[in-house]
Amino acid sequence: MNTEIKILFYLRLTQYRRMIKRWINKLKSLGFINLFYSALFIGFIVALYLSLPSYLEHFLEESNYPITIMATMLLYTVFIYMVYSHFVKGIQYPPFYLPAGDVNLLLVSPIDSKYVFAARLVKSYLSAGFGVGLIMLLSLPFIKILMSDLSLRYAVIGWIEIWMLLIILTNLQCIVFNSTALKKVARVVRLIVRLSISALLFWTLYRFLVDPGFFQDFTPALSNETFANLVDIPQTFLNLPILGLFVLLSFISILITFAVITKMKIEPLIEFSLFISGAFDLLYSGDWEGLEILSEQSKKKKGKRRWINVPGYGFGTFAITWKAASTLVKQSLGIWLIYLGMLFGALISVFYIQTSWIRLAIIVCFFFSMGTQLLNSFQRDLRKPDFVQSLPLLPKEIIQGNMLVSGILLCVLGWFFVSILWLKYSFGVLEYLFLMSFVPVGSYLIIICGVMAILCYMSFPKIPGFIRKISANALAYLIIGLLILIPWFLYMHKLPFVFVWLSAISFGIFEGFILKRWLIHWIERKGLPKNE
Amino acid sequence: MIKKQNPKDKFTKERTPLIVEKLSKIYDDGTVAVKELSFKLHDGEILGLIGPNGAGKTTTLKCLMNLVEPSEGEIRIKGFPAGTREAKASIAYIPEIPILYNDLTVREHLKFVTMAYRVPEKKALERIDRLLKEFDLQNRGSETPIHFSKGMRKKVSIICAFVHNAQVFLIDEPFTGLESRAVQTLKNSILAAKEAGMSVLFSTHILDMAEKICDKFLILQKGIKIAEGSLVELRALAGFQNRKKTTLEDIYIALTERILREPQTEGKDQ
Numbered sequence: 226m227n228t229e230i231k232i233l234f235y236l237r238l239t240q241y242r243r244m245i246k247r248w249i250n251k252l253k254s255l256g257f258i259n260l261f262y263s264a265l266f267i268g269f270i271v272a273l274y275l276s277l278p279s280y281l282e283h284f285l286e287e288s289n290y291p292i293t294i295m296a297t298m299l300l301y302t303v304f305i306y307m308v309y310s311h312f313v314k315g316i317q318y319p320p321f322y323l324p325a326g327d328v329n330l331l332l333v334s335p336i337d338s339k340y341v342f343a344a345r346l347v348k349s350y351l352s353a354g355f356g357v358g359l360i361m362l363l364s365l366p367f368i369k370i371l372m373s374d375l376s377l378r379y380a381v382i383g384w385i386e387i388w389m390l391l392i393i394l395t396n397l398q399c400i401v402f403n404s405t406a407l408k409k410v411a412r413v414v415r416l417i418v419r420l421s422i423s424a425l426l427f428w429t430l431y432r433f434l435v436d437p438g439f440f441q442d443f444t445p446a447l448s449n450e451t452f453a454n455l456v457d458i459p460q461t462f463l464n465l466p467i468l469g470l471f472v473l474l475s476f477i478s479i480l481i482t483f484a485v486i487t488k489m490k491i492e493p494l495i496e497f498s499l500f501i502s503g504a505f506d507l508l509y510s511g512d513w514e515g516l517e518i519l520s521e522q523s524k525k526k527k528g529k530r531r532w533i534n535v536p537g538y539g540f541g542t543f544a545i546t547w548k549a550a551s552t553l554v555k556q557s558l559g560i561w562l563i564y565l566g567m568l569f570g571a572l573i574s575v576f577y578i579q580t581s582w583i584r585l586a587i588i589v590c591f592f593f594s595m596g597t598q599l600l601n602s603f604q605r606d607l608r609k610p611d612f613v614q615s616l617p618l619l620p621k622e623i624i625q626g627n628m629l630v631s632g633i634l635l636c637v638l639g640w641f642f643v644s645i646l647w648l649k650y651s652f653g654v655l656e657y658l659f660l661m662s663f664v665p666v667g668s669y670l671i672i673i674c675g676v677m678a679i680l681c682y683m684s685f686p687k688i689p690g691f692i693r694k695i696s697a698n699a700l701a702y703l704i705i706g707l708l709i710l711i712p713w714f715l716y717m718h719k720l721p722f723v724f725v726w727l728s729a730i731s732f733g734i735f736e737g738f739i740l741k742r743w744l745i746h747w748i749e750r751k752g753l754p755k756n757e
Numbered sequence: 050m051i052k053k054q055n056p057k058d059k060f061t062k063e064r065t066p067l068i069v070e071k072l073s074k075i076y077d078d079g080t081v082a083v084k085e086l087s088f089k090l091h092d093g094e095i096l097g098l099i100g101p102n103g104a105g106k107t108t109t110l111k112c113l114m115n116l117v118e119p120s121e122g123e124i125r126i127k128g129f130p131a132g133t134r135e136a137k138a139s140i141a142y143i144p145e146i147p148i149l150y151n152d153l154t155v156r157e158h159l160k161f162v163t164m165a166y167r168v169p170e171k172k173a174l175e176r177i178d179r180l181l182k183e184f185d186l187q188n189r190g191s192e193t194p195i196h197f198s199k200g201m202r203k204k205v206s207i208i209c210a211f212v213h214n215a216q217v218f219l220i221d222e223p224f225t226g227l228e229s230r231a232v233q234t235l236k237n238s239i240l241a242a243k244e245a246g247m248s249v250l251f252s253t254h255i256l257d258m259a260e261k262i263c264d265k266f267l268i269l270q271k272g273i274k275i276a277e278g279s280l281v282e283l284r285a286l287a288g289f290q291n292r293k294k295t296t297l298e299d300i301y302i303a304l305t306e307r308i309l310r311e312p313q314t315e316g317k318d319q
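Those protein sequences? They're chains A and B, same order as listed. Count along the first sequence from 1, then add 225; that gives the number in this note's numbering. Count along the second sequence from 1, then add 49; that gives the number in this note's numbering.
Watch out, some of these pointers could steer you wrong.
Unchecked claim - Quick list of in silico lysine-lysine cross-link-like pairs, BS3-like style, CA-CA up to 25 angstroms:
no.: 1; chain 1: B; residue 1: 127; chain 2: A; residue 2: 339
no.: 2; chain 1: B; residue 1: 127; chain 2: A; residue 2: 490
no.: 3; chain 1: A; residue 1: 490; chain 2: B; residue 2: 71
no.: 4; chain 1: B; residue 1: 172; chain 2: A; residue 2: 231
no.: 5; chain 1: A; residue 1: 231; chain 2: B; residue 2: 171
no.: 6; chain 1: B; residue 1: 265; chain 2: B; residue 2: 71
Unchecked claim - Listed next, the stretches of chain B that the computed footprint assigns to chain A, with coverage defined by at least 3 CB atoms under 8 angstroms from CB atoms of chain A:
no.: 7; region: 105-117
no.: 8; region: 126-138
no.: 9; region: 286-297
Keep in mind that the hints were calculated from the coordinates and are not lab data. Here a beta-carbon is modelled for each residue, glycine too, at the ideal position from N, C-alpha and C.
With the rest of the complex left out, here is chain B (with noise of 0.2 angstroms):
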């Protein structure tokens, strides 16, 4: 069962950006999605959601996005529980589909997402200009959406996650579908985001960048984290400690092969 939120316990003490605890998701069929996953998320911290396809990567950012609702666990984002208001307005999301209005040009999707958060309409005019600018776009905003490219439309997403204060950054596969100057801004613009001390939580394929730029990892397969650190630790796990010029595909590769060796310890944290 879903653990009851006492509505006087809204908010906690606890400001850390993100704590999952025993987060499951258990589909209608029985579709296990995820499984008592636990991980936290620390300020200026980039975590890299790492796992094959129906691992259950996408499902756990829409469980913290409250866009599906969990069968157990308890999610807090900032010290609120998911789905508040206050959690909502501390969270950027960036889905993996880019899905925009047709009816609305770029600038009026971030004209509505700024007000949807309330940012002050200087400022937030400020930032338009300006994300539009740095990724490319600064002679479409006049346009709506309905003869965009997948790549175009998931920039307009990206610009709509950056425009806000958001203090913790939930995205999915990011770096599909966009060309290298674009995959160059969102790299930036993440590191920028950690610099000032904002947690990015996101969910990718192309492990050499989630290398390149994550702070630590976490490794699922089948709805079940299996491993969980910095590349270091992961290293260590995968019993590479010796090899330093390891990378995390082969530290992926290896931690995931075992565990189909070794079925018996699957759901175990490692």
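Chain A extracted, bound-state conformation (with noise of 0.2 angstroms):
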């Protein structure tokens, strides 16, 4: 074996034992009742999941709607989308960076940078290939629902497929990044692709708002002939003798891809890590003067500021306040185009799913994820905490500071929600003033009970971050559950209207002001949490 791999390995096993062993250590510093719970949530997620298949089945029988057709446009939505987001993401990013110890010791060094970047690759060929393996093996009950007539020969060949694309993909990112002339056909593409995205998405809030029933005239469209043979492509496809000659055929591609990235410069690669990886490493370690110093630096690169100037003129509750309007404000054209995808996906239950409670949870569960969204700058907040906790601020101020900006916003989104529903419902103009008076109420608890996960999944860092993570939601979803049961209630006990939404109003108060007090009486007892 070449030296310069046999050192590469060394370096690679070395590491991954090592990683093992601080896994290891962290499962034991856990202790017997952490292990215990850990246990019994996952097994609480398990058995959910197992449950779900039939649940699918039970849908499926009583829905209408074509299934097949709906889930194969979806793939092919997924397949397209995969296609154009690795071509323009290659525009600002290369498919991975280099870590800071790589660049600071591995390129510096002797050893061929080739060989470097061809072990990086190689490793996120295999993260690839893992990552569509447990997808797939997670997703097979709801395939085999799905595609009743999937044998287990088409799932894998499915999912060598998949992989292969995704390696495909992967090389091409890294082609387009390091090609200025595909760099610049890129823009083209995703500027081509956003403007008719935008386009399509007024057109159709346009047509709704003027045709209620312009949904339902695409139920029989779906079902015509031009729609029915997309559908039986993957189908023919899979029952073609050529599937080997196609695996074989992506096999060259990966082959020809690999070829010339490997030939290709990796300069531009090397000075992308050069600014991120530093700063991921820097941020896990808490280092925030070496990330200044690199911020500093990458200024010359990206020309300009990213740290974030607390104006000199106030501080507390409004400083913060101002901080986190100032990030919201400047947030990317595709986070926007988030909100407004979610606030569609809220309309579309609305008209479209008829069982009430499962209309209401995905209005919550769609407006949950937006106040999740909204406080992204808060995290942030909490993992810099050298830099914001350390100015003369109260642990209150910094929470309240961003509850208020991002209940704000979430409160006009739910406001522009109403106010569609009132165009398309035309209903009265007391009702439409309740609704909207509810809705700062509604968009305030669901902030405090984000913030709450939030602080929640950071408090412990001892247990691994994705069981935290999945237990903070769980939480938030359960306090949002349990204040939406009354109005619902009193709403199922056919109360006046009145009655019912004054009665939402005063107990989503009530209950807003009770939970505020208990987050803020935690908070000056136990502090913000610090970074992990």
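Dock the two chains into a complex; use the hints.
Below is the structure:
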């Protein structure tokens, strides 16, 4: 074996050995009770997951929608999106970055940079393979229901094909990232796609408002011959005797793209890693001084300052509010489109989901997801304790400022949602006003639950991250679930509308008051959690 | 455009440790980090790269290490183009921000570096022990640097640079984050390297330290070289030839302020 590869092997093996050792030590330090709770929680999740396929089967039996056609369309969309996103991602990011350790120690050593690059590329292929395999394994019970005639052979071939596709896409992203001409093409493609999607969304919304039965026209359209042929393509493809040839062709494509990228100059990738991986490593090690130096350096590349300045004329809640608002306003167009998409999803559920509790759950779910997205800036504040927490601010001010801004923005989105409902259903002014007045209360409650989830998630660093995240979100949903239970109960008992909404608002304010008091008390006692 | 390297021209008879000719680096957004920088580093010479924040010192060092691709210009290390195995084998680099692998112990880091630079095992072990002792890390060798302070990480990074047979040392802000004893040890190591005929190029903000150990200085501002030479030469350049006690700091301030006052002289090598 080549000496350079041997050295890389030594490095990676030592790293993995140490990582496994650290994981074992971490598990040991958890203690019996925590492990027991974790096992219990995981057991609950697994039980929930196992019971889902039967619900899906039941739903398919009852529903009149052409599910197979819709599922196939979804697959096509995912496929097109994957190709598109990998292509345009190459404008800004390579498919991976080299860790700062690799930059500082490996790339400056006499080991050929191509080996370092190739080793990293192979690692990303393996991770992609593992990811696809895991998803295939988890989705197998559902696929069996959706495509009842699917055999294990097809599933395995499908998995290999998806894996190969991911490898080709990874390579493509690398090629785009390293080619100025392809970057220009990708920018044009991105612009065209963004404009088309925005136009389509606005047109759909307009059509929907003008003609409420607009979506129902799609159902027969989906059953026509063109769509049926499209649906048949994957099935026909799977039955082709030349399937092996296709796998072979994919393999050749991988080899060609791999050969292209290993011949390319890799300096752009290293330059990218200099500014990104260093920041990540410093962030994890909590080296804020180092981060600031790196930020200074990256200014040369990015051309603008990343750090957020708290204005000198105000501190406390106002300063944090100002900072959070500035951050939220500067969110990318993609994030705003996500909000729009979520609102649209909530609207669709109002009109097309018949079972009222599912409908309500979906709306809450969409709004909670929006709330979580809006609290990203707060999460960042907690992860940068040396910056925000070293300012003369009380922990409660940090929380209040972030909650205020996120709550207001969620409320605005909620009002937009209610107004569209009003345009569609033309309900009375009184009902409209009640709904509009409930939105701020609901938004604030959702944000409080989101904050509580974040605080819970970050306060127990000894428990593995994914368990904390799942538990925290489960907790938030549980609180929101309880909060909507009383108005729901009143509504189901056909009480007068005014009474239901007044109860809902007053109950919401009351609950919000208690939760906030408890939250502030907890924060004053324990302080804000430090970064992990 | 970057001057194309002819593979046959991979090695030239010129064995000057470091030659930089008309090096420029312009980032994608048009920011000029370094502009037409030329200088030479000779055997047994210590050159201090000084300049204000954003002057292009770190970018220059990264270009020399081939971590950042120069937009124009040529770099030769011991006669080899930057980025080639031979060039890299001759250089030791100490980055400003010491980032290490959290999964390797200090000794494993050093073992790995000696493997990469092909240092014979016996010699490597001997050097590792000596350097760990010199930098007060002899009891921390079996620890991973995950909970090390920035200064301790820097020490490991410095040891990684001194553990192999480098001919040229490129050091970015060497004294930042180090305690006094470590500063002294590093200073002695740099001077010992110079005595052994090795060359050192380091960027720094600490001008009094630079004044004590550097033979020559190169002052950068906004990516442009505004002055180069020994302390005596710089003194003359700044108009202080009759004031023998003028420090490097005084000279530096005088020269950079003069450039600020006379923007039309920017870009002209002094």
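For each hint, the structure was consulted:
| no. | hint | result |
| --- | --- | --- |
| 1 | B:127 to A:339 | holds (22 angstroms) |
| 2 | B:127 to A:490 | holds (23 angstroms) |
| 3 | A:490 to B:71 | holds (21 angstroms) |
| 4 | B:172 to A:231 | holds (20 angstroms) |
| 5 | A:231 to B:171 | holds (19 angstroms) |
| 6 | B:265 to B:71 | holds (19 angstroms) |
| 7 | 105-117 | holds (count 7) |
| 8 | 126-138 | holds (count 5) |
| 9 | 286-297 | violated (count 0) |
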